[in-house]
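Student: Sequence:
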Amino acid sequence: MPSQLSIFLRNHEAAARAGLDLVRRAARNQRRRPWGDELAALALEAEEDLTSLRRLMGRLHVTPDPVLGTALRLGERAGRFKPNGHLLRRAPLSDLVEVQAVLSALTLKGAGWRALAAAQVADGGEPDLAGLVSRADGQLARLLAVHEAVAARSLG
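If you count the sequence shown from 1, position 144 lands on 125 in our numbering, and the numbers rise without skipping.
Incorrect hints may have been included.
[To be verified] Okay, the calculated beta carbon distance ranges per label pair:
no., residue 1, residue 2, range
1, Leu136, Thr88, 18 to 26 Å
2, Asn10, Arg36, 28 to 36 Å
3, Leu125, Arg36, 27 to 35 Å
Hints are computed from structural coordinates only; laboratory data are not their basis.
C-beta atoms are modelled at their ideal positions from N, C-alpha and C, and glycine is treated no differently.
Assemble the whole structure, with the sequences as input and the hints as a guide.
Tutor: The following block contains the structure:
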């Protein structure tokens, strides 16, 4: 039977893969917007964060759950299909909905790093969980600024 830690790590790794897909899509779809470069930077950082999580999992001999990962990634893709009155082009609220979804994923990622730090999982080794918590906080602050700009444009 898997340990609680291995279940937690597998769940967060699968969510991180889906979150990476999500932020990449938002960055791609909004690349021409004033905040496009920030989303692209966050996508690169999300990839680095996933690598950090996978390194920790490898150090702890925990393998990713391919079924859960696939299910979450398919769920992320299915979430793109929503009744918005626009079949062939993006709806006016698409940018805002995407950024809010990325906000949710980023909040979850930060909570995951915090939980691992509280449990002292890395025990002073790699990855630097305190650094990853701080990085997630910075990412959240940057994304909240993007959110404000997107909301002003989408709803104003």
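Student: A separate judgement is required for each hint: does it hold in the structure or not?
Tutor: Each hint tested on the structure:
{"no.": "1", "hint": "Leu136 to Thr88: 18 to 26 Å", "verdict": "21 Å, holds"}
{"no.": "2", "hint": "Asn10 to Arg36: 28 to 36 Å", "verdict": "30 Å, holds"}
{"no.": "3", "hint": "Leu125 to Arg36: 27 to 35 Å", "verdict": "28 Å, holds"}
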